[in-house]
Amino acid sequence: DAGVIQSPRHEVTEMGQEVTLRCKPISGHNSLFWYRQTMMRGLELLIYFNNNVPIDDSGMPEDRFSAKMPNASFSTLKIQPSEPRDSAVYFCASSSSGFNSPLHFGNGTRLTVT
Amino acid sequence: AQSVTQPDIHITVSEGASLELRCNYSYGATPYLFWYVQSPGQGLQLLLKYFSGDTLVQGIKGFEAEFKRSQSSFNLRKPSVHWSDAAEYFCAVEGLTGGGNKLTFGTGTQLKVEL
Chain A
1 DAGVIQSPRH EVTEMGQEVT LRCKPISGHN SLFWYRQTMM RGLELLIYFN
51 NNVPIDDSGM PEDRFSAKMP NASFSTLKIQ PSEPRDSAVY FCASSSSGFN
101 SPLHFGNGTR LTVT
Chain B
1001 AQSVTQPDIH ITVSEGASLE LRCNYSYGAT PYLFWYVQSP GQGLQLLLKY
1051 FSGDTLVQGI KGFEAEFKRS QSSFNLRKPS VHWSDAAEYF CAVEGLTGGG
1101 NKLTFGTGTQ LKVEL
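Those protein sequences? They're chains A and B, same order as listed.
Going letter by letter, the first sequence gives residues 1 to 114 in my numbering.
Going letter by letter, the second sequence gives residues 1001 to 1115 in my numbering.
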């Protein structure tokens, strides 16, 4: 099992540019989560999907952020346009459905917006 | 809404010493509780979880945690810390929200191990 795969590992971009982060969940997992981690705010849940359907996107900070899950093996988080305050580490995690199913995290994408 | 408090931002212990990391939660029903560990440059890894039964749960790497409902706590312990345990530790509580389950993390405790 390759685990949750995120790409790229690092992204440096200029303010105003579009950024797309990618995630491949563990095969067979039907819940997928996007988290953002910063020193100031810790780990924040941005959005999560169950069976490819967005269930809770209340953590998405602004309309500049959007997420899609076109199929069970792929998800994207897009920021357009990006701003310096978006700089953070973005984690994708997946789990089986149901309570107390642990999250399996990817290694994250470190985003720097200059 | 559920919440988690980890009152210690940083903790330093000597290798071989015992460790206890504090976690307090707020949730209206029986909580599902987790501890995760994050090494530098890595994602979070599950150490252990509690959802029912024995209030003392064992996890990986020699860690254990005790659920105390009366104190709304789920403290993480290890009898003897190894230098490789230096990492950031997150407590989390799971609860229902609008059609699904949602994990809420504490702000984390950074553990430093002195040799």
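If you are wondering where the hints come from, they were derived from the structure by calculation, not from laboratory data.
Note that the structure is a prediction, hence the values are computed from the model and not measured.
Don't take each hint at face value.
As the list claims (entries may be wrong) - Here are the simulated lysine to aspartate or glutamate pairs, EDC-like style, with alpha carbons at most 16 Å apart:
#, chain 1, residue 1, chain 2, residue 2
1, B, Lys1112, B, Asp1008
2, B, Lys1102, A, Asp56
3, B, Lys1102, A, Glu62
4, B, Lys1102, A, Glu83
Claimed, not checked - Some chain A residues flagged as far from chain B (calculated, every beta-carbon gap over 12 Å):
#, residue
5, Gly42
6, Gly59
7, Asp63
Glycine included, each C-beta is placed from N, C-alpha and C at the ideal position.
> Hint by hint, which ones does the structure fall short of?
Replying inline: Those not satisfied are hints 3, 4, 5 and 6.
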